[in-house]
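Chains X and G, in that order, give the protein sequences. Quick note on the numbering used here: the first sequence kicks off at 143 and runs consecutively. Quick note on the numbering used here: the second sequence kicks off at 447 and runs consecutively.
There is no bait here: all hints are sound.
Some chain G residues well away from chain X (every beta-carbon gap over 12 Å; in silico):
#1 Lys656
#2 Thr660
#3 Leu710
#4 Pro732
#5 Gln842
#6 Leu852
#7 Glu883
Here are the simulated PhoX-like cross-link-like pairs (lysine-lysine), alpha carbons at most 25 Å apart as the crow flies:
#8 G/Lys706 to G/Lys905
#9 G/Lys914 to X/Lys594
#10 X/Lys379 to G/Lys473
#11 G/Lys676 to G/Lys498
#12 X/Lys594 to G/Lys607
#13 G/Lys914 to X/Lys415
#14 X/Lys379 to X/Lys211
#15 X/Lys499 to X/Lys576
#16 X/Lys415 to G/Lys616
#17 X/Lys246 to G/Lys474
#18 X/Lys462 to G/Lys607
#19 X/Lys415 to G/Lys607
#20 X/Lys199 to G/Lys489
#21 X/Lys243 to G/Lys474
If you only want the chain X side, here are some residues facing chain G, beta carbon under 7 Å, derived:
#22 Gly253
#23 Pro315
#24 Arg451
Read the hints as simulated data drawn from the structure, not as lab findings. Backbone N, C-alpha and C fix where the C-beta goes; we use that ideal spot for every residue, glycine too.
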Amino acid sequence: MPNFMKSPLFLTLAVATLASPLLAETTPPPPRAVIKPIQYVEYDLPNGMHVILHQNKAVPVVSTYVLYKVGSKNERPDRTGFAHFFEHLMFEGSENIPRGKIDKFISGAGGNLNASTSFDQTDYFFNLPANQLKLALWIESERLMHSKIDETGVETQRQVVKEEKRRGVDNQPYGTLFQELAGLVFKGTPYEWVPIGSAQYIDQATIEEFRAFWKKYYLPNNATLAVAGDFEIETTKQLIADYFGPIPKGPEIERPKIEWNLDVPGAKKDVLKDNTPLPASLHAWRAPAETDPDAYPLELLGNILSSGRSSRLYKRLVEKEQAALEVEAFPYLLEKAGVLGVYAMGQQGVALDQLDKLITEEVEKVRAEGVTEEEYRKALNQKEAEFAGSFGSMNARAKNLARYHLFYGDANLINTELDRYFAVKREDLQRVAKKYLTAERTNILRFPVPAKDAAPAPKAN
Amino acid sequence: MIRTLSLSLAVSVSLGALAAAAIDRTKKPDADPAPAASFPDYKTVTLPNGLKVFVIEDDRTPRITFRLLIKGGALHDGGKSSLSSFVAGLLNRGTQKRDAATFASESDYIGVRLEGMSGADAISVSAGGLTKYTDKILDLLVDATLHPIFPEEQFAKEQRKALSALEAEKQEPGKLGDKLQGKLVFGAHPYGAYRTPETVKAVTREDLVKYHQTWFAPNNATLAIVGDVKSADIVPLVEKAFAEWQKRDVPADPAPVTPKMEGLTVHLVDRPGSVQSNIQISFPGPARNNPDTAELNVVNATLGGGFSGRLFQNLREKNGWTYGAYSAFGMNRYGGEFSAGAETRNAVTAPAIKETLKEIGRLRDEPVPEEELTLQREYNVGNYLLSLESSARIAQRVQDIDLYGLPTDFYKTYASRMGSVTPAHAQELAKKYLTTENAVIVVVGEAKEIKPELEKIGKVQVYDQQLKPVAP
Numbered sequence: 143m144p145n146f147m148k149s150p151l152f153l154t155l156a157v158a159t160l161a162s163p164l165l166a167e168t169t170p171p172p173p174r175a176v177i178k179p180i181q182y183v184e185y186d187l188p189n190g191m192h193v194i195l196h197q198n199k200a201v202p203v204v205s206t207y208v209l210y211k212v213g214s215k216n217e218r219p220d221r222t223g224f225a226h227f228f229e230h231l232m233f234e235g236s237e238n239i240p241r242g243k244i245d246k247f248i249s250g251a252g253g254n255l256n257a258s259t260s261f262d263q264t265d266y267f268f269n270l271p272a273n274q275l276k277l278a279l280w281i282e283s284e285r286l287m288h289s290k291i292d293e294t295g296v297e298t299q300r301q302v303v304k305e306e307k308r309r310g311v312d313n314q315p316y317g318t319l320f321q322e323l324a325g326l327v328f329k330g331t332p333y334e335w336v337p338i339g340s341a342q343y344i345d346q347a348t349i350e351e352f353r354a355f356w357k358k359y360y361l362p363n364n365a366t367l368a369v370a371g372d373f374e375i376e377t378t379k380q381l382i383a384d385y386f387g388p389i390p391k392g393p394e395i396e397r398p399k400i401e402w403n404l405d406v407p408g409a410k411k412d413v414l415k416d417n418t419p420l421p422a423s424l425h426a427w428r429a430p431a432e433t434d435p436d437a438y439p440l441e442l443l444g445n446i447l448s449s450g451r452s453s454r455l456y457k458r459l460v461e462k463e464q465a466a467l468e469v470e471a472f473p474y475l476l477e478k479a480g481v482l483g484v485y486a487m488g489q490q491g492v493a494l495d496q497l498d499k500l501i502t503e504e505v506e507k508v509r510a511e512g513v514t515e516e517e518y519r520k521a522l523n524q525k526e527a528e529f530a531g532s533f534g535s536m537n538a539r540a541k542n543l544a545r546y547h548l549f550y551g552d553a554n555l556i557n558t559e560l561d562r563y564f565a566v567k568r569e570d571l572q573r574v575a576k577k578y579l580t581a582e583r584t585n586i587l588r589f590p591v592p593a594k595d596a597a598p599a600p601k602a603n
Numbered sequence: 447m448i449r450t451l452s453l454s455l456a457v458s459v460s461l462g463a464l465a466a467a468a469i470d471r472t473k474k475p476d477a478d479p480a481p482a483a484s485f486p487d488y489k490t491v492t493l494p495n496g497l498k499v500f501v502i503e504d505d506r507t508p509r510i511t512f513r514l515l516i517k518g519g520a521l522h523d524g525g526k527s528s529l530s531s532f533v534a535g536l537l538n539r540g541t542q543k544r545d546a547a548t549f550a551s552e553s554d555y556i557g558v559r560l561e562g563m564s565g566a567d568a569i570s571v572s573a574g575g576l577t578k579y580t581d582k583i584l585d586l587l588v589d590a591t592l593h594p595i596f597p598e599e600q601f602a603k604e605q606r607k608a609l610s611a612l613e614a615e616k617q618e619p620g621k622l623g624d625k626l627q628g629k630l631v632f633g634a635h636p637y638g639a640y641r642t643p644e645t646v647k648a649v650t651r652e653d654l655v656k657y658h659q660t661w662f663a664p665n666n667a668t669l670a671i672v673g674d675v676k677s678a679d680i681v682p683l684v685e686k687a688f689a690e691w692q693k694r695d696v697p698a699d700p701a702p703v704t705p706k707m708e709g710l711t712v713h714l715v716d717r718p719g720s721v722q723s724n725i726q727i728s729f730p731g732p733a734r735n736n737p738d739t740a741e742l743n744v745v746n747a748t749l750g751g752g753f754s755g756r757l758f759q760n761l762r763e764k765n766g767w768t769y770g771a772y773s774a775f776g777m778n779r780y781g782g783e784f785s786a787g788a789e790t791r792n793a794v795t796a797p798a799i800k801e802t803l804k805e806i807g808r809l810r811d812e813p814v815p816e817e818e819l820t821l822q823r824e825y826n827v828g829n830y831l832l833s834l835e836s837s838a839r840i841a842q843r844v845q846d847i848d849l850y851g852l853p854t855d856f857y858k859t860y861a862s863r864m865g866s867v868t869p870a871h872a873q874e875l876a877k878k879y880l881t882t883e884n885a886v887i888v889v890v891g892e893a894k895e896i897k898p899e900l901e902k903i904g905k906v907q908v909y910d911q912q913l914k915p916v917a918p
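Chain X on its own, in the form it takes in the complex (with noise of 0.2 Å):
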């Protein structure tokens, strides 16, 4: 047990805590530290854009974030990749950007950017020296205001997504193991492919389409804009209105209608490559979305399994059998849909069901007999400390505030969330590992080694 008594930080605590309602639970919860609050304003532009702005002048930059709530979710099925590659175009420029000039802004300002998307959402971001918020707000609204897609970028941008996706699935080894368990866990809904796509289809998708595209999604009415860092409230909120204020409001969006089914018997799929030269399985169940009370509960019941060294799965694959050379639990929760799996890639020579033994051994261990005290204690902990480190940069505030809007509609989660992580009692994790991992519905997707490489294990020393 951590000594409290001796922290100069325990009558803090002390006091912090007793302000808190959590204490008045039966059973109490461990103290959580005192997170320093991170202060925002926020609202919405007339056409609808949403807008959060928090300043902190500890260091003189500034980190602008753009989320338009887009994903591959919204992709047709027989154009997957569509809206990574739209946001591969959205870096070609606007009627007031020459072609490939974003960067170079960007860069030339001393700042960098990127942008990413995921299945539910993309996002934009640029980091900057405070004394550049103009330009990122003046590239920002053109993007949404002015977006210039010609052939010439299309074309390239083809070719430079398809390298990604040789990158990241073709060429590597287990690299297809993402798209794989989408294919099984999700099946049925438009989660069911991931963001990267076919290749096929990022071929076939023509011109016409992205400026569609770009029509339906990229409105203000879509978008949320987070600002973090250095500049004065009062004179941004103005520019905020000069940039953006002109773009007009869109027609509300069609998003697409997913039921999700818990209740769907798993499934079993062996994937064979011949470039996977260790045994992995990968064990995976239907969870919900991210939003449901359950997610925190699931949150926790992931690191008890595998965060750290004195976790279940690594206590008994790695350390214990010596079976696993790594192995993790992660739940991973969407807008509409979840999945938990639980993942072993296997040492030399180690059988793959010896590997899936394990792994039902200790779900199956976790449902009958639930988790000790202790374990529920340290996740919390782990959980404290976690957020404790999340938010340092000005980036982090701004994602993470836009982000808590979206897809929670609390932008103030990003000072309260670890609250709800404190609310869960011990009893929820058996509670949820019964009601979401059971035997019935786990999907297994396993990478057997080729025939030619199985080797018996070596001995060392």
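Following the hints, complete the assembly by docking chain G onto the known chain X.
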């Protein structure tokens, strides 16, 4: 069950009234006056036992991180290329006070990860967590670094895992390329050595104990502390915690490395089934304490430092051959390397190599146009300013000054030096540090598809996936 504490932090404002003023959208807006990039102040204290302590106060989060740096690292592997990484990896697997399981459960319980890692010139041991656990974190750190016992049974497990990991690496294009590249650049020097099944098996527990006894001395180490602490409070705690650590003499470092490279040669690791070639063009580079590091950053950025670098612009944005193309100088205490690379589909492997060489040559042969160099200067200076957001990065830099023997004002003058490189100076540095004639081209890919074209570039040596040369 779920409750949101109402902290009344969010102020909702209706902004319907704020009208848009006319702005000129047709041109890039002017910047406000530039902020200065100033390296923050930090405290340096040398304890009686010789341990140098740096404290960087940062109250943004209620955390504290310790990073202990033991000079040496792989430099002192002495022919057993896994030695220092086994030492680093086993520090938290059994001490005089705690067995491996106890160490794991005590650190996990408070959300602390304490891990040792070995690099070319040092072993680092990092441990960070909430400030309320400061005493405990410090106790774990002292225990791991001063009292590891390297239990035979834990070591055997790590060896077994290392052998499995090596099996996996035979299929990882990046790993294969990095290993071969290091060996070709640094030859027999420890900087170029990599793990093999033979070196893994050659290390004994006695080697670990001896390495620890020899190099883990307070006068051969620095400790950086970053977090929501006051120097005056934490230094006495640290002094007390490390009081038992005795100063002692450590042996001299091995002779500096001065690798030479003659001619342009191609080294092809045949990885059947590859749908991309992993390309690296490399040659020896300067040590970390060379006089040109700041300015050389700008030269490298022009070539391949970011999205606006020439390699990215040429190979990706113009030709669509790759997802990314970059270059970098890797600088160690006693010698370094340059590497430029990309991953390209098989059919364009040779053209990508030719264009990369062309871009390296162009920096030597032609001055960088003023407009382009201005962009790259700003890019470096601005991104240096952005990096000052990270206290961990600042701590690392402070320790680097000591580790690499840099001038104490290195980071105070860093931005101004990067910001004042002229085209003539950039070209002079390109001529001094870049070459297209004495380099190795390392490619991991599908030999049967790419070898014929590679032979037109230079003599090709083929390797198998264990990096053994294959007779032609």
